[in-house]
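Full structure from sequences and hints, please.
Residues per chain, in single letters:
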Amino acid sequence: MPFPVSNLTENDRDRDERQIDDRVNETQLIARVIAGDRLAGRTLYDTHAPRVYSLAYRLCGDAEKAREFTQDTFIRAFSRLAQFRGDAAFSTWLHRIVVTVVSNARRSELRMAREVLLDEAHSIEFTAPEAEPDLKESIARAVDNLSEAYRMTLIMHDIEGYTHAEIAGILGVPEGTCKSRLSAARAQLREKLAAFRE
Amino acid sequence: MDDNRFDDVLQDMPRSFNTPPEPPLDEMWTVIEDAHFNAPVPISATRRMTSRAPWLAAAAALIIGIGVGRYLPRNVSSPGNAGTPSAIAAKPASASDTSAVADAYRDQTTRYLGQAAALLVSLPAKDANGRTDAAFASKATDLLVTTRLLIDSPAAVQDPKLHSLLEDLELVLVQIARLRSERNKGDLDLIHQAVEQGDVLSRLNSAVATNQSSE
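From first to last, the protein sequence lines are chains A and B.
Heads up: the first sequence runs through residues 1 to 198, numbered per this note's numbering.
Heads up: the second sequence runs through residues 1 to 215, numbered per this note's numbering.
Honestly, the hints are just simulated from the structure, not real lab data.
Note that the Cβ used here is the ideal one computed from N, Cα and C, for glycine as well.
It is possible that part of the hints are untrue.
Derived CB-CB ranges, DEER-like [said to hold, decoys possible]:
1) B:Thr19 to A:Arg80: 29 to 39 Å
2) A:Gly36 to B:Glu27: 14 to 24 Å
3) A:Thr100 to B:Asp2: 37 to 47 Å
4) B:Ala118 to A:Ala165: 36 to 46 Å
5) A:Arg111 to B:Ala135: 49 to 59 Å
6) A:Val173 to B:Pro24: 49 to 59 Å
7) B:Pro124 to A:Ala113: 47 to 57 Å
8) A:Leu110 to B:Pro24: 22 to 32 Å
9) B:Val121 to A:Gly176: 40 to 50 Å
10) A:Thr43 to B:Thr19: 26 to 36 Å
Negatives, chain B to chain A, calculated, CB over 10 Å [as the list claims (entries may be wrong)]:
11) Glu27
12) Glu33
13) His36
14) Gln115
15) Leu119
16) Leu120
17) Leu123
18) Pro124
19) Ile151
20) His163
21) Arg203
22) Thr210
Quick look at which bits of chain A chain B covers, simulated, 3 or more residues with Cβ under 8 Å [said to hold, decoys possible]:
23) 29-39
24) 46-58
25) 148-161
Have a look at this one:
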């Protein structure tokens, strides 16, 4: 009986081996952080912090908040490392935490903003019409007005470059849901920007 | 805005929408490091256990105490001195007394280290069934109480190498003790990695050998 011929190229094998090595190294780092090794903690942090910070900033648009969210994410992650089961990649688990941290903060901000708006609605009778916003501002507003799930998916995919598989893992939804959310988010954005004239 | 223009907008968004500045990595790490690594040490599993079941700590202390007592020279508790605390207090500890106590602690420690080594050696590599895990977890829980008592004992306080070994061992035992309730294949892998990285088994064996050779 002939041996089955592998379709894997040398590059595929190298990539797979590198991924396995990374996974093993990361598991060792995690065990060392659990044991209280600061250096291991810093190494783990250096590997993931830039991407976590970048996503936090894209989602909130504020440097100070992004910094707080990133700190909060790592403090929570380190304190729960013993609960990390390795079912998903560590980066997926970490990004799940940052997404939760940012979403919770945003939810409470929106709640507060709504209350302030309701208060102001009673006191303000007349406001001058606002000047026509520029394209950048229009896009920011349009993205901001998307529902949280659509906004998150659009930012992660179209702006931060995450794959559908990564987003699905982080948000805990099937890939198909992720794709349909992106498509709906783009459609809504296009609609909101349709009236914009340059 | 036509379709082409909208596509351009989408393509340009990574550069134009909330473009992140350079992350302040060192500043953020200072806060994280301070919060995580300098935080007050949480009550360890052993301490929680002993506070919930004080009889367990008392029993372990009694066992160690009996062990130590057996090794003490008879003259320490001879009829002439016994029963009169002032007489015991007045009597300065002789070199032989101190050495006897040290011997007793060493013997108890050797016995304990042997049990811990046996537990680690027999720990399954992976895919153990739940019942086996419960047995290991139960044994680890018993050893944890003794570990904490030994960490605080004069034997460990005077021997930094032993102290460090006991602390590493305590961490591993806590992980094994958790197998009972939170079993999964990743936990066992982590335990084996912790044992390997800390070189716990060979340090255990070497500590047992050192203790036995000095008996």
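To see whether the hints hold, each was checked on the structure:
1. B:Thr19 to A:Arg80: 29 to 39 Å: holds (31 Å)
2. A:Gly36 to B:Glu27: 14 to 24 Å: holds (22 Å)
3. A:Thr100 to B:Asp2: 37 to 47 Å: holds (38 Å)
4. B:Ala118 to A:Ala165: 36 to 46 Å: holds (45 Å)
5. A:Arg111 to B:Ala135: 49 to 59 Å: Since the Cβ atoms of A:Arg111 and B:Ala135 sit about 50 Å apart, the hinted range of 49 to 59 Å holds.
6. A:Val173 to B:Pro24: 49 to 59 Å: Since A:Val173 and B:Pro24 have Cβ atoms about 32 Å apart, the given range 49 to 59 Å is violated.
7. B:Pro124 to A:Ala113: 47 to 57 Å: holds (55 Å)
8. A:Leu110 to B:Pro24: 22 to 32 Å: The hint (22 to 32 Å, Cβ to Cβ) holds, given that A:Leu110 and B:Pro24 are roughly 27 Å apart.
9. B:Val121 to A:Gly176: 40 to 50 Å: For B:Val121 and A:Gly176 the Cβ distance comes to about 48 Å; the hint holds.
10. A:Thr43 to B:Thr19: 26 to 36 Å: holds (27 Å)
11. Glu27: Its Cβ does come within 10 Å of chain A, the nearest being 7 Å, so this is violated.
12. Glu33: Per Cβ check, B:Glu33 is inside 10 Å of chain A; nearest 6 Å; violated.
13. His36: It is violated; B:His36 is separated from chain A by about 4 Å at its closest Cβ, not greater than 10 Å.
14. Gln115: The assertion about B:Gln115 holds, with a minimum of 22 Å to chain A.
15. Leu119: holds (18 Å)
16. Leu120: holds (15 Å)
17. Leu123: Non-interface label stands for B:Leu123: nearest chain A Cβ at 15 Å, farther than 10 Å.
18. Pro124: Correct as stated: the minimum Cβ-Cβ distance to chain A is 18 Å, above 10 Å.
19. Ile151: About 15 Å separates B:Ile151 from the closest Cβ of chain A, which puts it past 10 Å; holds.
20. His163: Label holds. Min Cβ-Cβ 15 Å, cutoff 10 Å.
21. Arg203: holds (14 Å)
22. Thr210: holds (24 Å)
23. 29-39: With 7 residues in contact (Cβ-Cβ under 8 Å with chain B), the coverage given for the region 29-39 of chain A holds.
24. 46-58: Coverage by chain B holds for the region 46-58 of chain A (7 residues, Cβ < 8 Å).
25. 148-161: It holds, with 5 qualifying residues against the three required.
In this structure, the earlier hints numbered 6, 11, 12 and 13 are contradicted, and the remaining ones agree with it.
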